[in-house]
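Asks: In the order they appear, the protein sequences are chains A and B.
Position one of the first sequence corresponds to residue 19 (the working numbering), numbered consecutively onward.
Position one of the second sequence corresponds to residue 19 (the working numbering), numbered consecutively onward.
Hints in this document: simulated from the structure, not taken from any laboratory.
A couple of the hints might just be wrong.
Because identical chains share one entry, a pair is satisfied inside a single copy or across any pair of copies.
To be verified - Straight line, CA to CA, 30 Å or less: simulated DSS-like cross-link-like pairs of lysine-lysine:
#1 55 x 83
#2 55 x 23
#3 80 x 55
#4 110 x 23
#5 110 x 39
Since we're looking at a predicted model, the values are computed, not measured.
Next come the chains, spelled out residue by residue.
Number of protein chains: 2
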Amino acid sequence: MGLTKTEIFTEEQNSLAVLLKAMAHPARIAILQQIIKVNACICGDLVDELGLAQPTISQHLKELKNAGLIQGTIEGVSVCYCINPIVWDQLKDQLGVFFNSYNPACC
Amino acid sequence: MGLTKTEIFTEEQNSLAVLLKAMAHPARIAILQQIIKVNACICGDLVDELGLAQPTISQHLKELKNAGLIQGTIEGVSVCYCINPIVWDQLKDQLGVFFNSYNPACC
DNA sequence: TTAATCCATCGTAATATTACAATAAATTAA
DNA sequence: TTAATTTATTGTAATATTACGATGGATTAA
């Protein structure tokens, strides 16, 4: 096995899981924080900032990009990675609804 | 490799990643939603509700419990799983801060 | 006690993830 | 053109995840 049974879950559950999974790694959290901090970021800076090899950073950036959380635009020799505001706000709202749907009562 | 370099990240980045990872699966999202919906839940109900085998549900419940998101109390023959309000609110606040730290400006 | 019920654990196969060296591709500088 | 710079891709080893059959442990019912 080792294969998530996507077909038995709702579209919403699957897409939320994809976005959360993209964020669920300390390196990718650090990357997002850094992009937010400098408000436009370049891969080389991340390699210096974090303690990971360049191919590893590039791979993490690719995963964040595939999930739609960030977008990259070529800027001469380097690439400028930024937050995708649409996806970011959608996820923020979706998580807000999710976390607020819990009303402590039992246990 | 295949081993996350935990030591190069902050405590906050690592713990947030652990909680997000616990949530980052459609089955576990569905489990949390179901627990919230019925406001106190039992594993057997989940096996009927979701389309996964009992050991698989049990394994997912264990991961949610290990992350601290839920807690289980024995209730006769069955086990009552509930949201852990402390961890839930902590994560909600942490995510709130994270998502609100982004101020759309560039790109 | 015996049977039934509920959940956890073990073992395992299939697949995914993480990290990095080596290398390629693309752009700019000389 | 050649060299330098920056990022992407490929290949690969180590480890983690997902799912489930089989089985075990604990509690309740007969």
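Asks: Compare the structure with each hint and give your call.
Replies: Quick rundown of the hints versus the structure:
1. For the homomeric pair residue 55 and residue 83, the shortest alpha-carbon distance inside one copy (18 Å) is at most 30 Å, but the shortest distance between copies (33 Å) is not.
2. Proximity of residue 55 and residue 23 under a CA criterion of 30 Å is satisfied inter-copy only: 22 Å between copies versus 37 Å inside one chain copy.
3. Proximity of residue 80 and residue 55 under a CA criterion of 30 Å is satisfied intra-copy only: 20 Å inside one chain copy versus 36 Å between copies.
4. When the C-alpha separation of residue 110 and residue 23 is checked against a cutoff of 30 Å, the pair qualifies both within a copy, at 25 Å, and between copies, at 27 Å.
5. In this assembly of identical chains, residue 110 and residue 39 lie within 30 Å of each other by CA distance both inside one copy and across copies; the values are 15 Å within and 17 Å between.
Every hint, counting from the list given before, is met by this structure.
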